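Enquirer: What follows is the residue order along each chain.
Number of protein chains: 2
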Amino acid sequence: MKVSALLTSAGINIGICALLLCLYSILRKQPGNAHVYFGRRLARDNYQRRDPFIYERLVPSISWILKAWVSTENDIMADAGLDSVVFLRLLVFSIRIFSIAAVICMFLVLPLNYFGQEMEHKHIPKESLEVFTIENVKQGSEWLWAHCLALYIISISACVLLYFEYKRIAKLRLVHITRSPSNLSHFAILVRAIPWSLEEPFTVSVKNFFMKYHASSYLSHQMVYRTGKIEKIMKDAKKIYKKLVYLTPACMDQKYRASRVRCGLCGGTSTSFHLYSNELQLAEKKPGLDHLDSLKEKECPAAFVFFKTRYAAVIASQVLQTSNPMLWVTDLAPEPDDVKWSNLWIPYKQLWLRRIATLLASIVFMFLFLIPVTFVQGLSQLEQLQQMFPFLRSILRKAFVSQVVTGYLPSVVLLLFLYTVPPMMMVFSTVEGSISRSSRKKSTCVKVLYFTIWNVFFVNVLSGSAISQLNLISSPKGIPTQLAKAVPRQANFFITYVLTSGWVSLSSEVVQVFALVWSLSIRYILRQEEDTTWVPSFPYHTEVPRILLFGLIGFTCSILAPLIVPFLLIYFLLAYVVYRNQIINVYYPKYETGGQYWPIMHNTTIFSLVLAQIIALGVFGIKESPVASGFTIPLVILTLLFNEYCRQRFHPIFQSYSAQDLIELDRQDEASGRMEEIHGQVLLAYRQPIGAATEDTNIAVSESSCSSQESVGGVTPPTRTLSLSRLQAAFTWLSMLITLQDRNQPHH
Amino acid sequence: MKVSALLTSAGINIGICALLLCLYSILRKQPGNAHVYFGRRLARDNYQRRDPFIYERLVPSISWILKAWVSTENDIMADAGLDSVVFLRLLVFSIRIFSIAAVICMFLVLPLNYFGQEMEHKHIPKESLEVFTIENVKQGSEWLWAHCLALYIISISACVLLYFEYKRIAKLRLVHITRSPSNLSHFAILVRAIPWSLEEPFTVSVKNFFMKYHASSYLSHQMVYRTGKIEKIMKDAKKIYKKLVYLTPACMDQKYRASRVRCGLCGGTSTSFHLYSNELQLAEKKPGLDHLDSLKEKECPAAFVFFKTRYAAVIASQVLQTSNPMLWVTDLAPEPDDVKWSNLWIPYKQLWLRRIATLLASIVFMFLFLIPVTFVQGLSQLEQLQQMFPFLRSILRKAFVSQVVTGYLPSVVLLLFLYTVPPMMMVFSTVEGSISRSSRKKSTCVKVLYFTIWNVFFVNVLSGSAISQLNLISSPKGIPTQLAKAVPRQANFFITYVLTSGWVSLSSEVVQVFALVWSLSIRYILRQEEDTTWVPSFPYHTEVPRILLFGLIGFTCSILAPLIVPFLLIYFLLAYVVYRNQIINVYYPKYETGGQYWPIMHNTTIFSLVLAQIIALGVFGIKESPVASGFTIPLVILTLLFNEYCRQRFHPIFQSYSAQDLIELDRQDEASGRMEEIHGQVLLAYRQPIGAATEDTNIAVSESSCSSQESVGGVTPPTRTLSLSRLQAAFTWLSMLITLQDRNQPHH
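Chain order of the listed sequences is A and B.
Under numbering that gives the first Met the number 0, think of the first position of the first sequence as 0, with each following residue one higher.
Under numbering that gives the first Met the number 0, think of the first position of the second sequence as 0, with each following residue one higher.
Each hint should be verified, as a subset may be incorrect.
When chains are identical, the list treats them as one kind, so a pair holds in a single copy or across two.
List time: in silico SDA-like cross-link candidates among lysine to any residue, alpha-carbon distance up to 20 Å [said to hold, decoys possible]:
no., residue 1, residue 2
1, K211, D665
2, K307, A214
3, K397, L218
4, K170, T321
5, K66, R666
6, K348, R646
7, K211, E669
8, K297, S204
9, K307, S215
If you're looking for bench data, these hints aren't it; they were derived computationally from the structure.
Bear in mind the structure is a predicted one, so any value in this text is a computation, not a measurement.
Only chain A is shown next, with the shape it has when bound in the complex (with noise of 0.2 Å):
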């Protein structure tokens, strides 16, 4: 690829992006999209829509980016949670490197490689790109220790910003913790694996168990209960019809109409939902109904238990509580909202199973699909192309096709096979069994990233640089070289692929292409009024493991192929303003990790660094540059002893809680005087909605909440999320339309 192929890529890119910019400016002034544009701020000012008539409609404006700009991290993190920081404090930290990267990259690194042979040098527009890589060093040259010198301060650097961003995430975390007094999951436990006895239901093993071993800190439990799904749709069904016969013309005047009507969907209004309660305290007040025993047959061996005091919640979680570590198995509750109540029902001793199954099923899913992108990345060698297709070859040797197809579309067909790829992992963690949908969602996260690192970044290296090279896990010795002799060739495909999978998607997130189409087509083709209480989550899952993706592709092309930083530097400029845009007015975050994603951000980076440090030892091996490479290894060594000191100073801190701070808290409030009134709220906060039997994998869409209005001892309830799976709600959705639309013509 020339310079000339990669200003036509970047040119297109830069299009396409203004172009979509441009457009978000003009369609967020429109008030129709208020709710694909800011559905939070919506949600969190209780529905008050801004007055859509003080701003100019059709002029595109970029006061959207000084906005995003003026918030802060506190009131980001009070209104979007620490997830949401941990994530901005990633782009934080990869725009600092990459500002110092992209310093000595351009002015040390660049000049080196291009003067690194002598030459004839071309009108730069017609260099080759190689030109610019570190493959244009003579071998033995003595200009290495620059490379090498390069390398260290970045490194250096990247240890240096970590660490203090690793501090100010735990303290924040800290903050996170203590300045959330009515988090009711500090005072919750979730046991499962209960031991069935003939004589005594579960609910009473549970109360004698806790009663007897720990008496002075037992305040109550709630037994979580088995709603099957068929019973699950039966029941939504008789709903949705009684809604649509009886309440729908009442709803109808209300301002809140389109809430009501998709609730109905989901399975009842806010107003008609049965919660089961704690089946002891309703068998002492109505003993005999049917009710109960229908209650008491779905019994799960699991339940949550109450605490008195956090201390005593967070000891019972981390205790082994008897010699069978099989039986009585407790964890730290999820927050009332974050519970994936159909998991809880799965018996505890399928989980290790379900683990290991999952576990194989990714890496199969992983090396599977190998052969799609194998297969792309065929597309970026054009002679191998024209091999294969013979009769391309006259529209091939055009030269803006041949630059299209080279610098364009494999990224492009990577791409779309990659939207495959989360909801795939959503689906298998799921089946794992995560207690919450924030362990869910990290897990998924995980999982993507493991598989994104694999299939974008090595197999492009391996299988782009020489096509059916796959034997690498065979022959570990000869990994630095081989990925030394790879990645500069492979330079311009990412270059390309940050134009395309990074600029492009960024610019289609911001302008939420999905949720727009939707929302129009609600509009304008169904005719109706769409759902505003739905928000969606932030997608962790998608957008964590890109931007680990575009660090690492960074620190492993820096030193080899400089040219690459700029672009990134740009992608992630863009996306710190675009995230944070989304971040304030889009996204709503009903349950979160407590920061729990930046241990796996700080890992991934020092792989980053140690592969970038791999691959050059690599590198200066085939230059023969013994001095460089003898000055890498020690480099390899204290990055690596430099994790290990984080993981000991940090990582025990994002898996526990501490007992001083939870000992603090609980006097704080008992001196307070707050006790007694969190106690009534623990023993409300984890009602199991009837309707939570089958969420769907699918994410965001899947996640519609209702949220009720009545508070309950002058405290607001914790919202009451009512999930609904994706498949089902299309199928209602289209069963119910023609009733529908009917009813709803009149009144437009």
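Based on these hints, arrange chain B on the given structure of chain A.
Expert: The following block gives chain B in isolation, referenced to the frame of chain A:
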């Protein structure tokens, strides 16, 4: 190697064994050797020496074998601790599984191998041993399914037996915990990395911290003090001088004179110990003493903290104390006798670095060891030896010499080299910073195990089959094929290894060669009474890896070269008798891990099984039997799943105590009113002996304990151990020799 050579080797070894066992049965009857052969009994029965004139002294007998059978498992557990029982259970497991393997191999596999090819069989003694291995089965033979069946039977029996052993040992561990109510370590935790503050000494910090966050259960604490080496040697020298000048004549009249002298060498008699007691308590009684000022200076940021209940201690040891995981690090305290005092004052921040450094050092040591082993293995291939040393050609042509050289010499040389390994690994484990002597021994055991498996099994297999073939690590794909080719060829070496390293080392173990020579030289050359108070601990770190190595050899060779199984079975039977005898009579455990060796044994056995299956897979591949290969793969998967199940089901029990058991124990003690008494004992138990500075790495020899007979509150106080470095001991011992001999002479 031919059958006759094998018989020669077996003959030599049987002769040596028989000789040594006869020698043992005579030597043990000599009253002078009572300390060598009945150290444990003497120590247990309060030094009541057996009447030496009951038995005929000079006739060899097998009565000791019968006696070893008599005592039950419960007796051994009560007397010698759980670790001894676990060790014996490993032997029982080995005997059981190799009995099954022997039946299958001798009656199913061996005939198939022998008649595997249509060939003219020679007279059996002249038959090559290769005829009995799987190499003799012809390509694509249909009889390979029988080998596959044998593999299935052995693997499944092994898993079933392992499961029941694990279950049984888990139960025993539970009994061990609940039936040792006087185990004071359950009430104590070790706190390290106490933050340093200008205002207050560590002891005040500890008190404040635990009074603040564990007020309801905190009982007291005991700081750890730093005692320097030079300071300690000076003190020792002073005391030795005092003892020798003033005390020795008085001691001469008493019964245990030698004991006192020995104690004098270590630092004082049993009544002359100066123990550091709780600094706070002392400060209250005698403020302003110079002694205390010096103590303050030497205070370490580590302390033992005592709690009112076992449950509280276990909680405090498991919960993260503060939001900085590098401060206030808590662990369950080791038992008082088990504490490795000199490691407690290592700054906690160093520990992770030390761990990495020792890991690297162990790996380097493992690989440097290759050099002598590779050379030694060359000896088993006579042609190479003759090429290297042409002048040996005439000698090596003699049949007997060549048989000795090929069959015997290599394993003897290897054995001698291997004797240097455990002390080296013990040094590494000491540097690593284990807080207890038992965990140091366990860590050494793991290191020696890896070392042995790598250097005895893998390197022999690979270097023996074709010298300089050491690129195993760099090409993992070919491992099964490589091993499948190499293992049957090395079967001869392994058979002789079992004979020499196995049988003969057992015989020398029972005779206690080193201890005997030491005892004889003290009594007859130095003409002094030996120290009867010192009794060795069981050397798990050398014996466990040895047994496990023989298991590994057995599993991997059983199908391929079935001739080895009977020899192994005899080894295990002999080992069972010998070790039972030694545990009952010789070794006296002063500390133990509570069965934590079992998970190591279990994992290693699973590793051996899987390795055997992978090698079989390779062999079936080479022999072109796709059916057998196909059936072996599910077996590998099932074995790994079984291991994962055991890990889930049993492993947590070996890592921690369960809340249920501890709470029950606490309640029993509270109900019976013993709690107060225990609290009194626990405060006294963790007093730090002054001489705790330098313990040698040379295991048992350095572990000299002087038990005092005074009792506090009606209960025998824990033995106060006073260890002395071996070098130091030798130094002082030599310098005092002449003085002592002069004084002792008149009494004899």
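Enquirer: Would you mind marking each hint as holding or not holding in the structure?
Expert: Hints versus structure:
Only between protomers do K211 and D665 lie at most 20 Å apart by alpha-carbon distance; the minimum there is 13 Å, versus 23 Å within a single protomer. In this assembly of identical chains, the alpha carbons of K307 and A214 lie at most 20 Å apart whether taken from the same copy (10 Å) or from different copies (17 Å). In this assembly of identical chains, the alpha carbons of K397 and L218 never lie at most 20 Å apart, being 77 Å within a copy and 86 Å across copies at closest. Taking the shortest Cα distances, K170 and T321 sit within 20 Å of each other only across copies (12 Å), while inside one copy they are farther apart (35 Å).
When the C-alpha separation of K66 and R666 is checked against a cutoff of 20 Å, the pair qualifies neither within a copy, at 40 Å, nor between copies, at 63 Å. For the identical chains of this complex, K348 and R646 are inter-copy neighbours only, at 13 Å across copies versus 31 Å inside a copy, given an alpha-carbon limit of 20 Å. Only between protomers do K211 and E669 lie at most 20 Å apart by alpha-carbon distance; the minimum there is 15 Å, versus 25 Å within a single protomer. Taking CA atoms no more than 20 Å apart as the test, K297 paired with S204 passes inside one copy only; the shortest distance there is 16 Å, against 53 Å between copies.
Taking the shortest Cα distances, K307 and S215 sit within 20 Å of each other both inside one copy (8 Å) and across copies (16 Å).
Comparing the model with each numbered hint stated earlier shows that hints 3, 5 do not hold.
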